[in-house]
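Protein chains in written order, with the working numbering: chain L, 2 to 292; chain G, 1273 to 1646.
Incorrect hints may appear among the rest.
To be verified - List time: in silico EDC-like cross-link candidates among lysine to aspartate or glutamate, alpha-carbon distance up to 20 Å:
{"#": "1", "chain 1": "G", "residue 1": "1353", "chain 2": "G", "residue 2": "1381"}
{"#": "2", "chain 1": "G", "residue 1": "1584", "chain 2": "G", "residue 2": "1296"}
{"#": "3", "chain 1": "G", "residue 1": "1427", "chain 2": "G", "residue 2": "1484"}
{"#": "4", "chain 1": "G", "residue 1": "1383", "chain 2": "G", "residue 2": "1591"}
{"#": "5", "chain 1": "G", "residue 1": "1610", "chain 2": "G", "residue 2": "1591"}
{"#": "6", "chain 1": "G", "residue 1": "1500", "chain 2": "L", "residue 2": "129"}
{"#": "7", "chain 1": "G", "residue 1": "1426", "chain 2": "G", "residue 2": "1352"}
{"#": "8", "chain 1": "G", "residue 1": "1529", "chain 2": "L", "residue 2": "129"}
{"#": "9", "chain 1": "G", "residue 1": "1453", "chain 2": "G", "residue 2": "1465"}
{"#": "10", "chain 1": "G", "residue 1": "1334", "chain 2": "G", "residue 2": "1352"}
{"#": "11", "chain 1": "G", "residue 1": "1529", "chain 2": "L", "residue 2": "127"}
{"#": "12", "chain 1": "G", "residue 1": "1500", "chain 2": "L", "residue 2": "135"}
{"#": "13", "chain 1": "G", "residue 1": "1634", "chain 2": "G", "residue 2": "1465"}
{"#": "14", "chain 1": "G", "residue 1": "1500", "chain 2": "G", "residue 2": "1465"}
{"#": "15", "chain 1": "G", "residue 1": "1500", "chain 2": "L", "residue 2": "127"}
None of these hints come from the bench; they were simulated from the model.
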Amino acid sequence: MVTALQLALNGLALGAAYALVALGFVLVLNATGAVNFAQGDLVMAGGYAAAVLAPLLPVSGLALLPIVIAAMALLGLAVSVLGYFPLMRRPATAVFVSTIAIGLVLQNAALALFGPEARTAPPVWDSEPLRWGDIVLSSQSLAVIGIAAVLVLGQAWLLAHTRLGRNLRATAQDREMAAALGIRVNAMIALSFMLAAALAGTAGALLTNQFFVTPTAGGALILKAYIAVVIGGWGSLAGAVIGALLVGLFETVVAAAVSYTAASALLYAALLLILLLRPQGLFGEAAGRRA
Amino acid sequence: MTLRIASLLLAVAVAVAAPAHAEELRIPVLVPLTGVLALEGTSQRNGALLAIAHPPGGVTAKSEVADTGAAPELAVTALEKALDPGTPVAVVASMFGPQILAMLPIGAERKVPLLTISGSVAVTEQNNAYVFRFFPSDKVVKVAQAKYVVDALKKTRPAIVYQTTAYGQGGKAVLEDTFGKLGVKPAFSEGVDISVKDLLPVLTRAREANPDILVLQLHAPATALIIKQAAAMGLGLPIVSGSAIGQPTTAALLEPKELANVCAESASSPISGGSPALEKFTADYRQSFNTEPDAYALAQYDGTEMMLAAVKAGATTPEAMRQALATTSYQGLAMTYKSDGRGNMAHTAVILCYDGASRVPKIVQTYENIDAGM
């Protein structure tokens, strides 16, 4: 029982980080109608940003986070300028190919700049793990859960209760209509890329302390984000979060019960079942609305 | 126009008047600098480059480095390209098992020796006279790892955690085979995909099997992660890892106290010192590459130095080089290299252990010619 609780807490922390990745993935998907395959590599870039900036800046891990977020937002802007806007009138496939290319550029840039060795980043705060009987939860895991919760709720509030959020949603729903209403559609799309990169960077900075970062670390993360979004519902922000938490729990609780291989097989089986029985995902809009 | 023709004539004149250039050895270095083995491949490249930069007196050589990435076809293309302007005396070939296996038929067909540091057993079991391996194969290092667990530490219930890649599964097969020969049945054995983040589940499952030691065959980041998580959960078991944690860049990811009770198999440990020549190598390596050398770098350095020494001794054609590598022995910095008739040049493994106070391991056991006895 204690072990199961411990694993569930670990799964929650991992799922929370995945949720940030998936959330950014959905933001760009909604804004552009295209999949951003560079999202995993943006997580990697965030990890390197934290690992490289930490020795240069005499600040705590918590204070470092806003700096990483700001840097990643700028990188997101660059991704939109280089990978999306030149191709925005082309089919969605052109955009996802360009984001794959950008991901490869990021991987090779990391390799060239920082070398192939794994790096680690400082914890958000350095303290003893929280102990509750035999259950041990690292302060970093708590930080991941807490920061992810703040960012997820903050984004929900931004989208639901601010003018900027309404403009973002309007752009996601119907770009032409939004433009006709005077919304600066391109600015909203660029902002979506910036938010997505900032969320990815946060996930990267948080994960790198516990799980390290290498130039190729993003590949697996984009797959997990993709699975989370399909499970949760193509285009659904809440669904992406739930899907990511499920992926995290499969990787920990289910893997501990049956092995990693069996857990992966079960996850993919669940994915296939959802696609078969509820193609729009658990919380998604009607199937076929998006590319 | 006149200027262009004059420049062209000048270039031709310089080319004709430079016979010394033709005597310079061209050594292709075709290694994985990107992909899953980028860390180890970079060490392989660095070792080769350092040797080429310090050839024996009278030999001049230049390297041609190409990245083979992670796919066998990229390695084959790189080799074909390297052989295109004329066959070099030898090629430093990828340490990545699937890549060197794909390169072997071309090496034999073009009759050019391939110098590698791959650990995959199959590399020297293809009946190919043109491959020379300067890193002990899994049949050396994995046997040493298992023997250290059973003979030295007297453990009888190992839990094996391995990566589900070719590297992980190949090593795990030798480990299980050796444990069987030593009369020990692993209490637990499970593969981990390279994309898995949290390794607490496998540690939890391993602990439930009540093992008395953890035996690892994982790539570098996963090795560091599982050691970190084992320390955090208070697993309380000794760990004997594959060579990954012997790499200084991997050990740097952990606090020294997390490395307490952790040992690893390897071919060598340059940073642990041992001789003035080895310490000079380590100093030169640090100066050249601004990083710490590992066993892969030293193995490829030794292999390349052996090849350059053979050139100095007169082996200036690929066939003469094959003969020299196949029949002579060479005292390198890590060990003495001599072919066993199948291209296995390295037959020594060491066990390194950390003391929990520093990230520099100590060599606690050396196994010589262990492959001959198993």
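Hints, one by one, checked against the model:
| no. | hint | verdict |
| --- | --- | --- |
| 1 | G:1353 to G:1381 | 15 Å, holds |
| 2 | G:1584 to G:1296 | 12 Å, holds |
| 3 | G:1427 to G:1484 | 6 Å, holds |
| 4 | G:1383 to G:1591 | 7 Å, holds |
| 5 | G:1610 to G:1591 | 17 Å, holds |
| 6 | G:1500 to L:129 | 15 Å, holds |
| 7 | G:1426 to G:1352 | 49 Å, violated |
| 8 | G:1529 to L:129 | 15 Å, holds |
| 9 | G:1453 to G:1465 | 28 Å, violated |
| 10 | G:1334 to G:1352 | 18 Å, holds |
| 11 | G:1529 to L:127 | 16 Å, holds |
| 12 | G:1500 to L:135 | 18 Å, holds |
| 13 | G:1634 to G:1465 | 31 Å, violated |
| 14 | G:1500 to G:1465 | 18 Å, holds |
| 15 | G:1500 to L:127 | 16 Å, holds |
Hint violations for this structure: numbers 7, 9 and 13, all remaining hints satisfied.
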